[in-house]
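Q: The primary structure of each chain is shown beneath.
Protein chains: 2
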Amino acid sequence: MRTNPSLTAVPFTLVRLTDKFWAPRQAVNRRVTLPIEYEQCRVTGRIAAFRLAWKPGQPNRPHIFWDSDVAKWIETAAYSLQTHPDKQLERSVDKVIGLIAKAQQPDGYLNTYFTVVAPEKRWTNLADNHELYCAGHLMEAAVAYFHATGKRQFLDVMSRYADYIGQVFGRRPGQKRGYCGHEEIELALVKLFHATGERRYLELAQYFIDERGQEPNYFRLEREIRQLKDPAPRKSAHWDLSYYQAHQPVREQSQVVGHAVRAMYLYSGMADVAREATDPTLLPALRKLWQHLTQKHLYITGGIGSTRANEGFTFDYDLPNESAYCETCAAVGLVFWAHRMLQLTGASEFADVMERALFNGCLSGVSLDGRRFFYANPLAVYPAATRGAAGHVAGQRQPWFDCACCPPNLARLIASVGQYFYSENATTAAVHLYGQGETKLHVAQQTVRLQVTTEYPWSGAVKLRVTPERAARFTLALRIPDWCPSFTLFVNNKPVAVKPSQGYVRLTRTWRGGDSIRLMLAMPVLQIEANPQVRMNCGRVALQRGPIVYCFEQADNGPELNDLCLPPETRFIPVHRDRQLGGVTVLRSHAWRRQPQPWRNGSLYRNDPTPRHRVSITAVPYCVWGNRRPGEEMLVWLNRASS
Amino acid sequence: MRTNPSLTAVPFTLVRLTDKFWAPRQAVNRRVTLPIEYEQCRVTGRIAAFRLAWKPGQPNRPHIFWDSDVAKWIETAAYSLQTHPDKQLERSVDKVIGLIAKAQQPDGYLNTYFTVVAPEKRWTNLADNHELYCAGHLMEAAVAYFHATGKRQFLDVMSRYADYIGQVFGRRPGQKRGYCGHEEIELALVKLFHATGERRYLELAQYFIDERGQEPNYFRLEREIRQLKDPAPRKSAHWDLSYYQAHQPVREQSQVVGHAVRAMYLYSGMADVAREATDPTLLPALRKLWQHLTQKHLYITGGIGSTRANEGFTFDYDLPNESAYCETCAAVGLVFWAHRMLQLTGASEFADVMERALFNGCLSGVSLDGRRFFYANPLAVYPAATRGAAGHVAGQRQPWFDCACCPPNLARLIASVGQYFYSENATTAAVHLYGQGETKLHVAQQTVRLQVTTEYPWSGAVKLRVTPERAARFTLALRIPDWCPSFTLFVNNKPVAVKPSQGYVRLTRTWRGGDSIRLMLAMPVLQIEANPQVRMNCGRVALQRGPIVYCFEQADNGPELNDLCLPPETRFIPVHRDRQLGGVTVLRSHAWRRQPQPWRNGSLYRNDPTPRHRVSITAVPYCVWGNRRPGEEMLVWLNRASS
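In order, the protein sequence lines correspond to chains A and B. Be aware that the first sequence starts at -10, since it is given in our numbering, and climbs by one per residue. Be aware that the second sequence starts at -10, since it is given in our numbering, and climbs by one per residue.
If you are wondering where the hints come from, they were derived from the structure by calculation, not from laboratory data. These numbers come from a predicted model, not from an experiment. Fair warning: there could be bad hints in the mix.
No copy is singled out in the list; a pair is fine if it fits within one copy or between any two copies.
Calculated cross-link-like contacts (lysine to aspartate or glutamate; reagent style DMTMM-like; alpha-carbon spacing at most 25 Å) [claimed, not checked]:
#, residue 1, residue 2
1, Lys488, Asp597
2, Lys140, Asp8
3, Lys91, Asp145
4, Lys285, Asp597
5, Lys110, Glu211
6, Lys285, Glu311
7, Lys277, Glu200
8, Lys91, Glu109
9, Lys110, Glu311
10, Lys76, Glu28
11, Lys452, Asp471
12, Lys452, Asp358
Modelling step: build the complete structure from the supplied sequences, incorporating the hints.
A: Written out as structure tokens, the structure reads:
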């Protein structure tokens, strides 16, 4: 039994979602996206690469991050197999795992690019070459597949690889004191530790985290060595240690910097090590980083990363809408980090951000039909400005990307989204997210069944039915989200007046079979302002209802969305539309728009105030934008006339 | 005598400005900027380059556009010598001209870079290498110096060079059917034609204009030849024929595209040829291009060029403020083009834009002390966003640039700004710009003295005193600017009711010595809206009074300028401040600003409308921004609460 007072996430295998929001997305993810991922890995040569048969001059030359794409497909498939057994899928995975196993080198090394394309470059450029990153994703996949099937082959392969990595890296004489330029292996090693019980993997994760940013700086040394060999190397666009979060030891870091996905994976790994190694020295840094991120660098969608230039953070309060990067992977990474902070602390501020990212900036990454993807998720799109831009920064979802990190990252998140809903420890079961379905909790030394009935996120009314095996005293902690201004609570139809602490109402009592809870979260339409230092959003508001952030699309509101202006005291009416966009609540109201007539002469500028007229406007959830008439305008932050 | 009914600009040598706006700027330009230009040309090796003594491995390797910087210094010096004789300056110029003359090759060729650095590349890359561009600037300088001093040496050198160019380029067998990737030589050849009377130079200009964009495309052919010799050439960032306005024959062009300075110089050359060769087929294209520029691509400051990427035009209505390029040279080029269109047509729409660029987007390019320069002239500056950026895109003026086109371009404009004020032909004298001073006009076959008394641009009251040699009937055309909603006019103290035609009130009468005119142009503070398709300015207004566009600076209004919001019905009070910023009229009013208190907890987002408080605000002329506390925020387009 865990003695750590922190919470443990209830695994998604025990969380059955039967709601109309996540369940259909999981089905599309499983039926459409997962096969597309496999097919893309196949046709691009990513799977064949493990045959190690590529020769110079042949097509489909392996790329340094290809292994990670196959790994994320396996990981997604593993999650899918856990909830929806599928022999054919399992056979496909087994075949690929067979290839992977054969690709492992005698010393345990396992990387297609550095085995067939550039074997002489093994471990020579940790900063940029994603070697340990690929290893990490393969480890995550191996752990997931082991959990799904009980088959040990892949897990053993990756344990061998991890053992080899543990020989190469460390502080002993003859070892490299390096770490990966793209963090990922840290959190993966903690998963490997959990799956195998081998503490050395946790210690290796700890080493990678502790060593990062120490002096003499490994990336700088590594670069000097490369330059000795090749005085005119390929210029790195990102030669800045903060890009890799390697500019100072992690415990001294207090500001989120550099590449956003890298940062999220590092902080996730730090949180894992903080918890598993019960290292109290990491949490203060994590709290500072969290505060910096959420107070100065977080888009309202839960997206992060303000520019394409470094795919990451710029300066405080710099949150441009049209040129936002907001990589899907970064929002996914934020969910990972927030989730870990939530288990460590039990504080709802982490669940609030996790929910924000999950329902908005992550989900926008995939079309409703599961076939098209955003890499960057801007908060405003003006089609002419994206014309010609394809791939990473596009005004509409793309079928795939050469650098294909995002689609499978989101797919593995959706396939396992149940794990973000509940946590538990010996005395408490916590409900972080509300979604219709049924869950098995382990609390008070027994299994407690929890049935949830709700239309969340479209309604704040939630019914919970608690069924312990036997009557028992424990705490049920229900999150009161940051967006909720007031709530009422009934236990067995009797009103309960209880104030939330750390963002949760805690119902501690002896629970018996058939006990029921009714939680009514007020879910008004919020007109959110950004901090005055966010210069691009001054005079603008964004709409949010429940966890859902809204946007305006050309399909509903015509073009020139920036010219819409909310009159003072505007109220929005939520209207549920079962048949639109997979079933969504839209927000309806009126706004002003300048009359076109005075501009018909083609003037670019005019002296007199243009008369305005009143127009109907409709906002749709940001997560489903671009699903009707792709290639049109979209806008999250709407101009408002100040009252 | 000219038979063309169009107007001829009155040369600046006949226009003495004694006002408080231009005269002090001309003095600083002459006393401070001109010596800085020379010194920069000297210390960087630009002047020494004409000794042709540079050897590989030595510092100060000549660059392809260096010759043009020296040329613009000579041109500016020549203008200065015309109004302010200065023996020492003249000796300096003579010395440099001596070097230039010696640098001329036996065949007439004259270019430092392609003589000492890459002689084998002569005429091999017209698209990118600025060879004919440099020739053009040297020709302009030679013409100016000839006018200033009567000395023919430089003019003869450049005539020889032009003759050589005329042998190399053309449609005869053995000639290259090329033209320059950076237009400039076209308008320069027309000046050379004027100075020498040699019509072949006009015909060469005509050839360059007619040949541009014809198929087979010269730049494409040239590139294919280069690629045959060097299969992996330096990748051109701008390989797009529209960048060079060479994507179609000029008469078929109807949209402004590509590099903004290039475009302005081309259109100026086209206007010159249209006029001098009395070619009626160019004007329709010029009118379409003008309409496209002014209706879809013109910043309110008269700046042009929406992005650093191509230093030029993007898509229609794309006028970002913070990332505006608005190169000083492009605004100068727009003045050139507008001025030529004005002479061709006599229509005030050209004077309106010329005035807008002159008083705003050009002048902002130099500090009041004449020592620092903007290359890009954005309409909003947020210091953190420009941190790290130096040189071309900077948040404050810089001492110089490696690519130093802008400072001397603006200097030659300021030195000769008088030429933009008046035009004349046999029967009409036109006043385009108002500025205190005295002018000699040639109209009705005599010299007419015109004395102007005004505080323009700070006041719209203008007194003109007309003194012909003898009483004579002619038309005095006075421009009623586009920003002026109403005016009153008195001739010899008697009110005159006359409607403007083509933007000018035309006073046709027998003028006698001592006749006086009083023109009172109403000069309200305009709150200008941009077309709803300019998405970045929706909900915002810019202030203009007379020809002066205003901006808000942090020095007057504190930081977070975007959070200022003009209440409905706001009025601005003009206040003249003699001792501030060289003597300017500022605009004072009040605005709302969100209270900081609700944000003190560090929130990035809040649900409730933040209370606002009323603050005093002050706007200063855009042309003088950044002269007090450089490195602060600046904003032209202010948020407005719609009424």
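Q: Enumerate the violated hints, using their earlier numbering and listing them in ascending order.
A: 2, 9 and 12
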